[in-house]
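Throw the hints in and build the complete structure from the sequences for me.
Chains A, B and C are the protein sequences, given in the same order.
Numbering of the first sequence is given in the numbering used here, commencing with residue 68 and proceeding in unit increments.
Numbering of the second sequence is given in the numbering used here, commencing with residue 68 and proceeding in unit increments.
Numbering of the third sequence is given in the numbering used here, commencing with residue 68 and proceeding in unit increments.
Don't take every hint at face value.
Given that identical chains are not distinguished, each listed pair holds provided it fits within a single copy or across any two copies.
[Said to hold, decoys possible] In the DSSO-like style, the derived pairs of lysine-lysine whose C-alpha atoms are separated by at most 30 Å in a straight line are:
no.: 1; residue 1: Lys192; residue 2: Lys239
no.: 2; residue 1: Lys436; residue 2: Lys683
no.: 3; residue 1: Lys683; residue 2: Lys69
no.: 4; residue 1: Lys167; residue 2: Lys239
no.: 5; residue 1: Lys167; residue 2: Lys213
no.: 6; residue 1: Lys239; residue 2: Lys716
no.: 7; residue 1: Lys716; residue 2: Lys345
It is worth saying that the hints were derived from the structure and are not from the lab.
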Amino acid sequence: MKDILYGTAYYYEYLPVDRLDKDIEMMKAANINVVRIGESTWSTYEPQDGVFDFSPLDKVLDAMHTAGIHVIVGTPTYAIPTWLAKTYPEVMVQVDGQRKPYGARQIFDITNPTFLRYAERIIRKMMQHVAHHPAVIGFQVDNETKHYGTSSDNVQKGFVQFLKREFKGDLKQLNQEFGLDYWSNRINAWEDFPSMDGTINGSLQTAFETYRQKLVTNYLAWQVSLVDDYRLANQFVTHNFDFEWRGYSYGIQPEVNHFDASAALTYAGGDIYHPSRKHLTGTELSFAGDELRTLKHDNYLVMETQAQAFKQQVPYPGQLRQLAYSHLASGANMVEYWHWHSIHNSAETYWKGILSHDFQPNPIYDEVKQTGTELKRLSSHLVNLKIKANVAFLASNRSFTALNAFPFSDNHNYNDLFRSLYDQFYRLNIRTDITDETHIRLQDYQLIVVPALYSVSDAFLDKLDDYVKRGGHVIYTFKSGFTNEHVKVRMDQQPGRLTRSTGVHYNLFVDPDGTQLVGQSRSLRQIADTSLQDWMELLIPDTAEILATYDDPNWSNYAAITKNHYGQGSVIYLGCYPSAAVISQLVADYTQELGLRRFTAAFPVIIKQGTNDLGKTVTYYFNYSSETQLVSNPVRGTDLLSNQEVVNKLVLNPWGVAIVESV
Amino acid sequence: MKDILYGTAYYYEYLPVDRLDKDIEMMKAANINVVRIGESTWSTYEPQDGVFDFSPLDKVLDAMHTAGIHVIVGTPTYAIPTWLAKTYPEVMVQVDGQRKPYGARQIFDITNPTFLRYAERIIRKMMQHVAHHPAVIGFQVDNETKHYGTSSDNVQKGFVQFLKREFKGDLKQLNQEFGLDYWSNRINAWEDFPSMDGTINGSLQTAFETYRQKLVTNYLAWQVSLVDDYRLANQFVTHNFDFEWRGYSYGIQPEVNHFDASAALTYAGGDIYHPSRKHLTGTELSFAGDELRTLKHDNYLVMETQAQAFKQQVPYPGQLRQLAYSHLASGANMVEYWHWHSIHNSAETYWKGILSHDFQPNPIYDEVKQTGTELKRLSSHLVNLKIKANVAFLASNRSFTALNAFPFSDNHNYNDLFRSLYDQFYRLNIRTDITDETHIRLQDYQLIVVPALYSVSDAFLDKLDDYVKRGGHVIYTFKSGFTNEHVKVRMDQQPGRLTRSTGVHYNLFVDPDGTQLVGQSRSLRQIADTSLQDWMELLIPDTAEILATYDDPNWSNYAAITKNHYGQGSVIYLGCYPSAAVISQLVADYTQELGLRRFTAAFPVIIKQGTNDLGKTVTYYFNYSSETQLVSNPVRGTDLLSNQEVVNKLVLNPWGVAIVESV
Amino acid sequence: MKDILYGTAYYYEYLPVDRLDKDIEMMKAANINVVRIGESTWSTYEPQDGVFDFSPLDKVLDAMHTAGIHVIVGTPTYAIPTWLAKTYPEVMVQVDGQRKPYGARQIFDITNPTFLRYAERIIRKMMQHVAHHPAVIGFQVDNETKHYGTSSDNVQKGFVQFLKREFKGDLKQLNQEFGLDYWSNRINAWEDFPSMDGTINGSLQTAFETYRQKLVTNYLAWQVSLVDDYRLANQFVTHNFDFEWRGYSYGIQPEVNHFDASAALTYAGGDIYHPSRKHLTGTELSFAGDELRTLKHDNYLVMETQAQAFKQQVPYPGQLRQLAYSHLASGANMVEYWHWHSIHNSAETYWKGILSHDFQPNPIYDEVKQTGTELKRLSSHLVNLKIKANVAFLASNRSFTALNAFPFSDNHNYNDLFRSLYDQFYRLNIRTDITDETHIRLQDYQLIVVPALYSVSDAFLDKLDDYVKRGGHVIYTFKSGFTNEHVKVRMDQQPGRLTRSTGVHYNLFVDPDGTQLVGQSRSLRQIADTSLQDWMELLIPDTAEILATYDDPNWSNYAAITKNHYGQGSVIYLGCYPSAAVISQLVADYTQELGLRRFTAAFPVIIKQGTNDLGKTVTYYFNYSSETQLVSNPVRGTDLLSNQEVVNKLVLNPWGVAIVESV
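Dropping the structure here:
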């Protein structure tokens, strides 16, 4: 990419009055150089079946081109027209036997042939019309696509065909592997296969969800193939992935396999929303950035992030600017706000944009303007940052799904555990990649962090084993290896197939119910918060060193956390879900020992490093607090923002940033 | 009206044994002079399609007449017979595509032609039979009518016709005004109009709810027109309105527009239920009374209020009597308990009446008797009390609906905010009217209180502006003026069209999230509870004086509460939802300044004043506490209850009452 | 029975590999002598309509027989095959108009003729095949049967026929008795009878639930009749009853009338699950045991109890052994764990058995082995324990149902109240029976405890009255006698028809809302916790002595708890739901006075006594705590476990047991 893209989603069609020229004037003043358009207004472009009107698109494209603002065009399929739903009610998604009523976005069936026929036509028509417009630099296919919980008849049938292929038609093998004799669920003929709506079999539930995630992957690839028929070599195609939503982007997306689905794209792109004001830590930007960057081992695009957003998210002065740099520091080449102007009707009226409903300049717009001006000046130093991580987090959509069927906790899901580990690496300024079983290049990393790899094949466990043997290091948590790829519990002693590398085994696990951890290593003995958040395996160490035990006198002989040397490598095993303080100490000790800590500073000072197009090292320093922070022994070089030389110390203002370029 | 009506709902049909004569004997002993009958037993009067049996009605009417007890007859339509539901299942209301099963009351479709045909026949038959009976003084049409959430096909179609008329067939204008391009909701042909079941458009939601409220208004007017075909000049027709239900009558009814629907009635009537025992404050009686009285600017009828009611509501000794007078003090001419005898089966078995299930005298009956005897003696002094308020509360059913689509809080709705203001006027003994945009006579009031007038036309905002200019005073809260009558956010600077009279504007609003208020006026600086309940606009004063700001250092330059002089009048603007203590102080200061406080005493001493038929001033004093209260400088005159002269002071017993008549 | 049966549910069909021989070897090593098989795998035995394969059953039966392990065979009907649901979707249960999707167990309609036809065939085929196998000692019909909430059309019709018979076709009488005039629910022709899905009439709700409980009774009797066609004289037939489920067996089963349904069985059998670890008190074992034992006034079978179970239930070392003896001490002749091996797929993967998923010996297996070995040695001393209770608890399924329609509390149901009383007898080591109105032999008991006998006939109340008159003693709680057998509130003064024996009456009842109890008796005055959990009748004593009053000054003249002498007997009446401490004191005082306390020790020392086949007294001592307990003045005799003479004192280890045999 030539320049940092800085921009916003722009909805000309939503405007209460035509103020395109005025909007562009204000964008230019703010040095906005890209807009995303078009992804939600099918009904405007095709007002009736087969009647097309792309004049609003034309108008915006021409005006943007004239102004020198790039445009990303979205295919408009994630919300369907009223006429389509009225004429063909069968396009609406059916969940548990109930068809959703028309209204919201994302409530149709992405596998319905009628929907697909109409979607293909509008995409082709739109592409024919806009693809070669000089303003267009790329395309976004659909938006935040999921399978929307579809359990319609054709999906049920497709799933049975999928299993038939996977089990080569061998029903006996399927019954055996999925344990279907239980509660008389045995299927003795393919035509008896029941709907998944009522299934209580976690293996089937997981396989069905995996199948539906493949539907999403295929759907996106299909849209890309349509776009590919029209796009030019210098135009990219991307998608707007989103993450587990807890009012912001919390963790791994439970309904889409980003690792597979991103294959079809030129660049990975995604939504990144996050807490704000005193709750802002930057963790979500780093987490989502690490995942998006690792998807294609390349720079990525922030398709959406918040400007004002909801009332609880309006940033403090300074935060919006800081956040733009945080995205770049994780490897983003584009930061696009959602959205330009606040909407005057409907569901997202209070999800406010850069401009309030009055379209007047305001403190948020002013900060966009300041940031845009800086980015314009520094673009060549910041674009295409190359990033190298020595630590990888191993995500597993299948384990996430299986653990939803078999939760280890009433309060925590897979992502909570994932984040409990991730957050500590973030706070210690250790750069991490996030990838999955299918795509990880084990040999690229010194340390692999494996949260609850609950559903996993023998073959992959053996690979991990081999990785350690050859000198790799792994942190496993409880529940790893427990079931195979069909969510069948292993008959091996647990942790299944990992007993050698972990040097422990167990056959009992209990609920903590007030049990406390007892640190056995010197550093863990110091930790005040010895509570257990969840889960408690009664580990029997074979070759492993005990780092912590439990305080229950009935079970004090068992281990809770262990460390084992195996071959040339080593393994930490967490048999329980300890407090954040314990995890923090474990991560600090282990990364220190493995030489993975590059910086002594830690949160609220966040440091991210990479190499720019000029071959120079760029080191970002962020202050995620309302207090001024002093960084001693910073990287020596020039702070690009202040143009000051950085030598012995660096002072970071509240919510401040420094970008040190050095040789 | 000639006399205070004091009585009870009476269900002869529900009696486990026939004890009509015994019941009447006990009523006479208690000086009960009115009963309401007939509103819920259609299946008894029409046991089969076209077969009628009004003998239970006849029997009760004759016996009451003989005893000299007046009767109000209710049309029996709010619960339908089993045979009707069995024969015509389509009469049951359909909500979100699901038809309700038979059983409860109020679960049919008030627009269904089959229902209407049968309802008309039973009403006409019943009226023919009873209307000219000498015992009958009036009629109640239906009971606590609502639209029951109907979203059946004919209602959807009716709604489309309604919009077509309102927009004169101009779909483009509708799409524009309702912002339907958003998420491809655009409607390009009237026949594409989707069902409202799934809509995510707040403008459509509000319009649909407004349409359904009109259905209720029309339905009641239609019933009145049927009754009018039979009733005599000296017979009245009323309805039993109820209020937002939180286990008691909390606030404005969200599903019925009382202000419109009351037009067809002779008198306004309603349910008034309230907390009891140590939770009794009398606020609900005052609130509901103020609304019912303002509906027709006349005395009103309390169609139902509690005797024993549920186990948490059984009154302390003395409270029942006090409450009867409280109703009269707000302008009621009738107090009717629900109900005479506790029911021995079905849903309301534990909603107990004056009598327990054993029909024996009990402490509640004894207190009814004491009260009935007093009322008989004092009737001519208390009936037809004329009441004048200088302050009006402006209610808005449309704003309430729109704020349900776009809530300003997770914990508070429109009525919470309304009551937060109302309660302070009540506690300061300032008489208020409650009316709405369509019916308010602005010039009649010195002060208008406007809670969250969220959806409102330009024209009405201009009227309010003009009112202030000419010397009126207004208290506005946050969210007022934000959207137009179609719930489209104004493009003006906010508070939309009110910037001149309020003297402030804002374009950012945030969640308090722990932010505290900082009082800037002398009196607000004294308030200990500076917390914010919700919402926080970052006000920029133009001409207004700042009464309070926020303690967040990032936003300390903005105002929170302001006061502005505009023309001959003034405006207080609350940009946030402060604590009760702050609201109380604001109301106390402002009403003091405007000369609106007539009494120095405040809650738990409640004072209500009016003029009786004798042209004398009647001043009610209530003690809403378990401690004796001393009132200094009371109105001089005669306490009608004790027949004592009141001169320098007045002693009120726990839950006690005094009624001072003076010249 | 000849020997104590000690065993486990065994699911050969669920095994991931065939390890029958290894399993049996481990069972033998543990002295397991019985397994239950077959109750959940219809789809394995009849893989297609009319195709049968009992080879898995044959294999297990042969192998068990060879090993000398007895087998109980379950009919496999509580989970249906996929092909049955696919071919006849109408067999799935319909609840509130919605048919359940296939997947879970217990989601078909036990009245559906198609289901019944197929169920009969598989039962007959299975019985023909296995009944005469020498390993088979008995049968379990179905499993944890309920009506699954069926409200399908045929059930509705059957219910109407049932009422028609009960009311001899007299609709007028039905309308009167059920109060159907209310809200126009009157039924004027049988063909108008509405579905019960929407009814708001508590009398109808209770009658419908009672009818559905009869469906369960009939269904079980029908299965027994099928089994009877095949079983030999020395083979028994039982069922696995379960209890109200709160994560464990909490109280009376709300959906099945055990008292009626057990009539068809040879032995009563049931599930008994309970809290574990520090939450273990043994109360659930005693409660369920008392009920199961009283059902047939005979020893009973524990068909299922936990081994490891869920993570929160894994027992401390020692608890599993203690619990096995606790079952025997309540009269069990069999203790069967659920289940042998933990399952590798599906819903109950984490409901772990004796063996973990790795099939290896573990601490739980080791304790089973220790217990099995002891039981083998002591069997002849422990089997067929005869037990005599002087106190009976009177359960009432109808009152439970009616109180669900008319709850006395937001937080407590019928079982909470039942257990509040039961637990105190348990803790004081007073043996109790649990039976119901239809089966109780009043004359057998000195004291009857009657929790909330809300729906009850005049005749039975008169029997209780007569029982007291002749010298019996009763504890009644609030709500007793309130309604008749049709849940119609009595017109008598309350407590209906009990005013003479209780010596009190009331007509007001209120919510405590912070009111405290004031002890009037010497011992109640000492109790610190005077809070009220719920409910508060304002009792007016006629002849009764006041044990406690209320602290509310408005209601301090009323009584809260009373005691009355009536005829030769006496009655305690609780007009409120006091604290556990108050109930404990009341029970202690009253049982002391009545000479019902045989032991001075109390919880955590639990003592259970009976007579064995040798005519000797067997006294079990349990320590339900983690601290060693000293029992002074124990029964003299021999501790069968230690073979030590017990003379002056007995030391019980944490979670320890002693079994003293004496003459």
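Right, here's what the structure says about each hint:
1. Lys192 x Lys239: Between copies, since 24 Å is at most 30 Å while 49 Å is not.
2. Lys436 x Lys683: within (27 Å within a copy, 70 Å between copies)
3. Lys683 x Lys69: within (17 Å within a copy, 88 Å between copies)
4. Lys167 x Lys239: Between. Shortest inter-copy distance 27 Å satisfies the 30 Å Cα cut-off; intra-copy 36 Å does not.
5. Lys167 x Lys213: This pair counts as both: shortest intra-copy Cα distance 15 Å, inter-copy 26 Å.
6. Lys239 x Lys716: Neither: 69 Å inside a chain and 62 Å across chains, both beyond 30 Å.
7. Lys716 x Lys345: within (26 Å within a copy, 56 Å between copies)
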